[in-house]
Amino acid sequence: MKIVVCVKHVPDATAKRSFDAADHTVDRAGVDGLLSELDEYAVEEALTIAAAGDGDGEVVVLTVGPEQALDAARKSLQMGAHAAVHVVDDAVHGSDAFGTSLVLAKAVEKIGSDTPVDIVLCGMASTDGAMGVVPAMLAERLGLPQVTFAAEVTIDGTKVTARRDGDVATETVEATMPLVLSVTDQINEPRYPSFKGIMAAKKKTVETWSLADLGVDPSEVGLAAAWTSVQEVAARPPRSHGEVVTDDGDGGRQLVEYLAGQKLI
Amino acid sequence: MPVDRLLPTDESRDLLALVRQIAAEQLTPRAADDEAASRFPRDVFGLLGRAGLLSLPYPEEFGGGDQPYEVYLQVLEEIASAWMSVAVGTGVHALSCWAIAGFGSHEQRKALLPDMLGGEQLGAYCLSEPQAGSDVAAMSTRAVRDGDHYVLTGTKAWITHGGEADFYLVFARTGDDRTRGISAFHVPAGSAGMDFGAPERKMGLTGSTTTQVLFDGCRVPAGHLIGAEGQGMHIALAALDSGRLAIAAAATGLAQAALDAAAAYAVGREQFGKPISDFQGMQFLLADMAAAVEQSRATYLYAAKRRDAGLAYSRQASIAKLTATDAAMRVTTDAVQVLGGSGYTRDYPVERYMREAKITQIFEGTNQVQRMVIGRDVVRAARG
Ligand SMILES: Cc1cc2nc3c(=O)[nH]c(=O)nc-3n(C[C@H](O)[C@H](O)[C@H](O)COP(=O)(O)OP(=O)(O)OC[C@H]3O[C@@H](n4cnc5c(N)ncnc54)[C@H](O)[C@@H]3O)c2cc1C
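Going down the list, the sequences are from chains A and B. Take the first sequence: its letters are residues -4 to 260, numbered as in the working numbering. Take the second sequence: its letters are residues 5 to 388, numbered as in the working numbering.
The set of hints was computed from the structure by calculation and includes no laboratory data. Keep in mind the model is a prediction, meaning the values are calculated, not measured. There could be a bad hint or two in this list.
[Said to hold, decoys possible] Straight-line Cα separation of at most 25 Å, BS3-like style, residue types lysine-lysine; simulated pairs:
| # | chain 1 | residue 1 | chain 2 | residue 2 |
| --- | --- | --- | --- | --- |
| 1 | A | K191 | A | K101 |
| 2 | A | K105 | A | K154 |
| 3 | A | K191 | A | K105 |
| 4 | B | K206 | B | K362 |
| 5 | A | K191 | B | K309 |
| 6 | B | K362 | A | K191 |
[Claimed, not checked] One-sided and incomplete, this derived list gives chain A residues near chain B with beta-carbon spacing under 8 Å:
| # | residue |
| --- | --- |
| 7 | Q73 |
| 8 | Y187 |
| 9 | F190 |
| 10 | I193 |
| 11 | M194 |
The beta-carbon is built from N, C-alpha and C at its ideal position, and this holds for glycine as well.
Looking at chain A on its own, in the form it has when it is part of the complex (with noise of 0.2 Å):
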C-alpha cells in the first residue's frame, strides 16, 4: 500500500502572523511555521493504515511551499512517514488553491509513476488558508473518487469505507482505492515524534522538485494566475471589553435580549 499525504508548513497561529506589505500574500519568511495541525491527523492516520495488515504500507508525505516547508516533511518524518518530496519554485508564490491543486495532483502522479499511489490522505483544511476545498480539487484533477471529513475511517481490501459527521446526520460512504481522502481532527490522536523517531528522519530520502520537474506550466500557477486577488489587508481591532450582565433577577431575560439584540438568536 502507497499513501501520500499532503502536508502544509503554515505560520505559528501562537506567534505574531502578517501580510506582506507589498502582495498582501500571507508572510512566510518573517515568522516561525510548523506543520500545520490538521495535517497532523491526516500523517497519524496514514502511519495507522500503513501499519495495518502485513504493515508494509509506505507513507510519502508531500508539501508545496517556500524553502522553510521543509520542516513540516521533516516533522511528519520524525512521525513515522517514510520519505518526502518537496516541491518548491518561486513561481508557486501566492497560488490559490486552484493553482496549489494542480501542483499537488502533478506531483502525486509523479510519486506514483514507479508503484502506483493508492491512497492520497489531506487534512480537512490548513489552519491558515482554512478554505478546506484543496482535497476536492486535488481529486478532481486525479480523476480519483473523493471522500473526505472523515472522523472514522475503515479499510477492508481496497475498500475504504469512512464515517462523515454532519451537522444533522452522520453518513457512511464507501469508496475504492484510489481514493483521495481528507480527515478531521476527530479521526485519531497523533502521536509526538520520539527522539529515534528524530534520528531516523536524518537518514529518510528527501525529493525537491521544481514546477520543471513537474512539467507545470509557470504561468498556471502563482498570485497571478490565482482566480482571487487580496486588494487590502488591516489589523482585526483590538477586543472591545465585553458586557456584563448582572443577575438581580432577571438576568435570563437580560442575555435573551442582548442575543436577540445582536440578531443571534
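Please build the complex by placing chain B with the ligand on the supplied structure of chain A, with the hints as guidance.
Okay, now just chain B with the ligand, sitting in the frame of chain A:
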C-alpha cells in the same frame, strides 16, 4: 518566550522543540491542579519514556539516545520550567537506572534496561535513612546472605516515588566497614517484606510522592546484587555526581519559569500611571533574576561539558548544584516580590515555584554538603 539555547546539532534542536511541544501540551496545563491535589502523574513518565526522553544520556546499545549531558540537561531544564515534580522524578528515575547501566551484569542490563529506559518501569533511589541523611555511610539497613537470596531489613527515608515505583535501587549494609561494607540491590515492587510509610506532607513538590520504604525480612534473589558486594558506596556516589547536575538543571528551569512569570506580570501591571516594568527599581530586580538564571545555566553546562569530554567534574557538579539551587531560591522569592500581593496567592504559580525551590537546596546533598565537597577539593589542591 522559549530560551534561546546554544545546541550542538540539528537533532538536538529538533529534540528541544519536541520537548517544548510536549511540555506546553501535556505538562503545563495540568501542573498546578495536580500539585494542588497532590496527584502523582504516573502517566506522564510513560509519555516521556515513549518519546525517548528518559533514555537520552544512555548508550544506543541499551536503547538509549546517546546524547551528551549538555543536551540531556537542557531537556531536563525545559521539563522543570513546565513542571518541577516531573523534572525531579525524571532525574531520580535516571539515578535509579544508573547502577544497572554502569555496574550491572550483561544479563541484568539485557533483562532490565529496555523497560527502565523506555519508561514502562519507573525507578526509585533508596539511599537516605532516618539516621543517615548527610552522613549516608551511617546507614543501618542490612542485607544478609541466606542461600541464594539476600534478606533485607531496615528503613529507608525520603524516598521519591516510594509506593509508586516499579523498581527500587536499594543500598544496604553487607559488612561493617563504614563505606566498603555497603552494597547495591535491585528490588522489584511487590517483593514480599517491602512496605511503605505514609506519604510525607511536604511544603512543595506535592505532585511527587515521598515515603519511607520499610524492609522487614525482604528476600531478594542473589542475582539482584548490582556490581560486587561492598561496591555500593562507589555506585551511589558515582550516580550522585550526575544526579547533582540534574538537580542543577532542574533548578535552573524552575528559576527561568519564575523569571518569565515575573517579567510577564511586570509589563502588564500598572501603578503610578505606567507599567511597573518601567521603574528602574523593578528593572534592576528583573536584571538580577535574569543574571542569576544565566549564571546557573552556564555553570551546569560547564560541568556537563567536562563530563561529556571525559574530564573530572565532581567539583564542578557540586558548584553547579550549589549555584543553581541557591539562585533558584533567590529568583523564585524575588518573583513573588515582583507580583506583590498576587504573588503571595495560589492564583499565580510563583509562590509554588518558591516552595519547590527550597527542596533543591536540601536533597542530593544539602548545600552545606556541596560546600564541604568543594572546600575539601580546594584544600586538597592547595596542599598539592
Ligand atoms: C522531597 C525529598 C525527596 C527526597 N528524595 C530522596 C530519594 O529519592 N532518595 C534518597 O535516598 N533520599 C532522598 N531525600 C533525602 C535527602 O537527600 C536528605 O534529606 C538530605 O540528604 C539531607 O539529609 P537529612 O534530611 O537527614 O538532613 P541532615 O543530614 O540531618 O541535615 C540537617 C542540617 O544539618 C546540616 N549538616 C549536616 N551535616 C553537616 C556538616 N557536616 N556540616 C555542616 N552542616 C551539616 C545540613 O546541611 C542540614 O542543613 C529526599 C528528601 C526530600 C525532602
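Going through the hints against the structure:
1. A:K191 - A:K101: 33 Å, violated
2. A:K105 - A:K154: Measuring from Cα to Cα gives roughly 24 Å; hence the hint holds.
3. A:K191 - A:K105: The given pair, whose Cα atoms are some 30 Å apart, is violated under the 25 Å limit.
4. B:K206 - B:K362: 11 Å, holds
5. A:K191 - B:K309: 23 Å, holds
6. B:K362 - A:K191: With a Cα-Cα distance of about 35 Å, the restraint between K362 of chain B and K191 of chain A is violated, given a limit of 25 Å.
7. Q73: Holds. Min distance 7 Å.
8. Y187: Where the cut-off is 8 Å and the nearest Cβ of chain B is about 5 Å from Y187 of chain A, the hint holds.
9. F190: Interface hint status for F190 of chain A: holds (3 Å vs cutoff 8 Å).
10. I193: 5 Å, holds
11. M194: Holds, about 6 Å.
Violated hints, in rising order: 1, 3, 6; the structure is consistent with all others.
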